[in-house]
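S.K.: Spelled out from the first residue to the last, the chains are:
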Amino acid sequence: MSSERGSATSQRQIESLVCRLRRRQLIGSRETALETVHVIRQVVLRARFRHIDELIGMIKSVGRRLVDAQPKEHTVGNTIRKILHHIREEYNTAAQNSTLKAGPKSGFSISNFVLMGQPKKQSMPQKSSSVERNPESSVQNDSDLAQGLKPVLMEAIQDVLDELETVYDNVSKSAKDHIHSDEIILTIGKSKTVEAYLKSAAHYRNFTVIVAETCPSYSGHEMARILSSAGISTVLVPDSSIYAIMSRVNKVILGAHAILANGGMFAITGSLMASNAARAHSTPVVVCAGQFKLTPLWNLYHQYGALDFADPSSVLGFEEGSLVEKVEVVNPYYDYVNPELLDVYITNDGDHPPSSVYRLIKETYDDEDTEL
Amino acid sequence: MAPKGSAGKEKAAPEEEEEILQAVVLADSFNNRFKPLTLSKPRCLLPVCNATLLDWTFESLALAGVQEIFVICRSHAKQIKSTIAESKWSQPSSGIKIVPIITAKESFSAGDAMRDIYTHGFIKSDFVLVAGDLVSNVRIDEVVRAHKERRRKNRDAIMTMVIKEAGAVHRSRPRGETSIFVLDSNTHECLHYEPVQGYPPLAHASVPREILTEHSELEIRNDFIDCNIDVCSLEVPSLFQDNFDYQDIRRDFVHGVLTSDLLMKNIYCHVITDGYAARVKDTRSYASVSKDILARWTFPLVPDDNHPGSASTSYEHARGNKYFSLSSPPQLARTSHVGPLTQLGPDTSIAADARVTRSVIGAHCFLGPGATVTDSNLWDAVRVEAGCVIESSVLGKGVTVLRGSRIERGCLIADGVVIGPEARLKKLTRVSVRRGTVEEDEEDEDEDSELEHVEASQTSEIRASLGSESNGLVWPDDSVDEDEDEDETHSRLNQRLLRIGDNASDLDISDAGSVTSSSDSDADSDADDGTLSMNGVLGLQLSSSATSLPSESAVAELADAQAQREFQAEVSASLARAFAEGHSVDNAAVELKTLRMASNVPLRRVREAVVAGVVDLIPLVPDAPAQQRAEIARVVGRWGQLIDSIGGIDAVETVAVLQEHCSQSPRLALFGQVLAALYQHDVVEEDDIRAWHALTASRGSSEVATAENMRKCWVVGARMIKQFEEQDDDSEDEEDKDEEDESESEEESS
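As you go down the protein sequences, you meet chains A and B in turn.
Residue numbers for the first sequence follow the numbering used here, beginning at 1 and rising by one.
Residue numbers for the second sequence follow the numbering used here, beginning at 1 and rising by one.
Hints listed in this document are in silico derivations from the structure and should not be mistaken for laboratory results.
There may be inaccurate statements among the hints.
Dumping the calculated DSBU-like pairs for lysine-lysine here, alpha-carbon to alpha-carbon at most 35 angstroms [to be verified]:
no., chain 1, residue 1, chain 2, residue 2
1, A, Lys326, B, Lys78
2, B, Lys291, A, Lys72
3, A, Lys60, A, Lys150
4, A, Lys326, B, Lys397
5, A, Lys72, B, Lys78
6, B, Lys88, A, Lys60
7, A, Lys326, B, Lys35
8, B, Lys153, B, Lys427
9, A, Lys72, B, Lys265
10, B, Lys97, A, Lys326
11, B, Lys291, B, Lys88
12, A, Lys72, B, Lys97
Remember, it's a predicted structure, so these values are computed and weren't measured experimentally.
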């Protein structure tokens, strides 16, 4: 009874998250990632499973629904992948221990599964046949193992949560090594990561930040206000002057919405312009982002819809009635910035060049989760 | 069974303390602008961008945090009910409770629906009232919060209307039905509301003068889209219950509340600048709202993001605001052309050389080779064969257009119609299925008779235009909206402005800019008229209609005079009663005030009536001046205060009115004595008499017949002033001297 009610609660939580994602009431990659972890934690907490694959299947199906709800918020999928990766890792360690103790039992064993690193799809049919052959011991063993594993799995999820919660601190750890005294930094938009990074650097160094207004959201205004109130000497400039002042800028620091596997990224509108201007002046472009933004996507075909077009009202007012009829207004949230324009990603786990992002992704996620 | 108890105990779903937000959706439109499309389904189930209007409305409300929705349905109620039951909204996971409520067939207006809400009594607190054809991304919950905040300070703020700022010319702003809002710039209180029709063009709008005196800053706006999102408090349905003649929420209720002197309720407006909201009120706005959705104004309510239709349909967004179904992508021939602002539903195929621009194509549609579709809405399973041309039209579900047909602008073609081959549909044709070809049951009598009427009008020429294989029935242009008992908005020309594809080119759009002028050109309107007129063309001016305006105003004058006479009679009757029965001054004053409000006459008329009544009450005692004076003193002493208690003190006017009355009556001789008596009883002061005396009008103008008598009165007045001065002189002589004397002599000379 109680567990049924429990699953109903977690269902409701999932539903509400799906709705909020669909309706864009939940904005911001980190917040989204945090919410996702909370929901998955509830799912794992309430889940009753006899085998780890059941649990993974459950998480995947929840993940699929969340991703479908808002395919453009990549951190949802990333977080799910990361959790799955952690769960498998924990399970494998536990299984290895238990098989070492119990010794191999049948032709199919968990150690085989682990050692061969087989994808789940192939192991499933084998699994069911082994259950038929030896129902009592195997099932008993697995479910015991799986149930006993729960605290460990919860810990694994907690790790993901902790990583998310400390992401800003960890990203900004290396700030003083990248920013030197009397440098002029250019940034656009308002990114919490960049903000934390610059603030941390300001403890050790004296530098000037130029913030572009970043129309049409004008989030640069807010950013400039925050930075200057933190005691950093800040200059707010219109977007049009980015190219003109680039010759005096020592470094461009950007935030990212999602880091793609080819080393490119989706970032706030205007990033592409700033990166191109930086390239023209050979100014280094540094991207600050948490690893939860690593996304196993490529954007090879430059899919148009991927840029996430918002409503045109911030570009052209709705009250311009006669114009609305005649012109087509596009207002993309994001720019796609190719890897060639970027120099380094500063993440909560070290600095990486765009060319090695694919390896990071390979290490962070399991291959079979790329398609949820 | 595995021990699971711990998991269950841990859950502590915090029950939400705050009260849930309720919404009422009026799913019936109470008009039939969409006929014949609405023959087989209610308007709120018409698809807009491949999801029903009701879905868009629900999603708009869900976006705004509404948790409980009551749907008031009338026509096709069962259909609405079953659609809601089958939709994703009724699943427990949707987080929204939707209750369909079926009202009686007899309710014909929003007012009836509101009275129904009152009798059902399911509304617990402030609620959101919307129409069942709303598309919006406005954060209504913020409006509700503001509304509640306002109510905490002022219990009389019963309603907040959400209005959207749009340009004077906007595709989504209905040209036929707009409104003038007069708002207080600071508080956004709605002070005056006036509905405006596109035709006949409105040249004047009146703003009550009280508003101008009470509020320092005003906005008079005619550029709003009224989204009909109202945050209402519980009083609103009960007010509808009390005023059983309220029909329309805007025209009757808002207007009634704002003009009522007795209710003392306030209505506020919430002007949204960011966000989108519009209603699909008519076929024209149907087309424009579809385009707004495709142009992403409704973001995040766009096809590729939060499409409110069934969960399985999702769309991909491509350059040029084109949307292709993802679940079963449309098949596009290599040489086909899909233009901007186009949505293609699942499983649609477009053959070679076919062109689609600015259109919405439903599911399972087929466009034949060389077919052209522009600015149109094709619902599900429409088949358009080779070489057809469709412009600015709406084609219902399962319509088949056989080869070589041409459908011109503004056609509405109902579900299941077959047209062609080689059909030539003229502009604004409406076609439905002939009876018997489709099993139509449960249609009520008036619809049957309507169909009969339509059938009767079919000529062989019309048949030929539909093509040889057609099963269609062309509706004559004037059959709909001829219901005389429906309000005058339904004037046919106005209706034209609400139709898709009718650019009303013969209605000349001339906005000469508006000229605002105070109406003080009338001689005496300064203090009494109480209105400010705005001259200027607000809507559309029909080029040939200038002649109709004077006659209208003449009629209005006639009606005015009639009302005046009635009022006069009423006042004298009530005064006579008061005098005869010896009412107290206060009671008589209340009665007069009520009368004034009921017949909406300026204060001066009341004053005239009262002064006349009081003066006429004085019995004439010829040849006995002392007795006469005593009579005057008695009457004025008893009733003099009434003149001041009718709602405004203006002693100068009193004297002027007295003069006017005396000059016309046999009591001319009494003027001086009455004036003196009024002075004695402090109804008029010395300064007032002086001021009156200084007025040019008091001297008696030459044209008036009674000028001579007026002149006499004036002379009496002059004598009186002289007396005052002498008195002053005397008293001052007794006390102090020189300086005052000098100044006074100056005054005299001037």
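S.K.: If a hint holds in the structure, say so; if it does not, say that too.
M.R.: Going through the hints against the structure:
1. A hinted pair counts as satisfied when its Cα atoms are at most 35 angstroms apart, and lysine 326 of chain A with lysine 78 of chain B does not qualify at roughly 41 angstroms.
2. Among the hinted pairs, lysine 291 of chain B with lysine 72 of chain A is consistent with the structure: their alpha-carbon atoms are about 23 angstroms apart, no more than 35 angstroms.
3. A threshold of 35 angstroms between alpha carbons decides the hint, and for lysine 60 of chain A with lysine 150 of chain A the separation of about 17 angstroms falls inside it, so the pair holds.
4. For the suggested pair lysine 326 of chain A and lysine 397 of chain B, the alpha carbons sit about 30 angstroms apart, so the restraint of at most 35 angstroms is met.
5. The hinted pair formed by lysine 72 of chain A and lysine 78 of chain B fails the criterion: a straight-line CA distance of about 39 angstroms is larger than 35 angstroms.
6. Taken as a hint, the lysine 88 of chain B and lysine 60 of chain A pair is honoured in the structure, with Cα atoms around 23 angstroms apart against an allowance of 35 angstroms.
7. Restraint check: the Cα-Cα separation between lysine 326 of chain A and lysine 35 of chain B comes to about 30 angstroms, which is no more than 35 angstroms; the hinted pair holds.
8. For the hint pairing lysine 153 of chain B with lysine 427 of chain B, the CA-to-CA distance comes to about 55 angstroms; that exceeds 35 angstroms, so the pair is violated.
9. Taken as a hint, the lysine 72 of chain A and lysine 265 of chain B pair is broken in the structure, with Cα atoms around 47 angstroms apart against an allowance of 35 angstroms.
10. Note on lysine 97 of chain B and lysine 326 of chain A: the hinted pairing is violated, with a Cα-Cα distance of about 41 angstroms set against a maximum of 35 angstroms.
11. The hinted pair formed by lysine 291 of chain B and lysine 88 of chain B meets the criterion: a straight-line CA distance of about 25 angstroms does not exceed 35 angstroms.
12. With a C-alpha separation of about 29 angstroms, the suggested pairing of lysine 72 of chain A with lysine 97 of chain B holds against the 35 angstroms cut-off.
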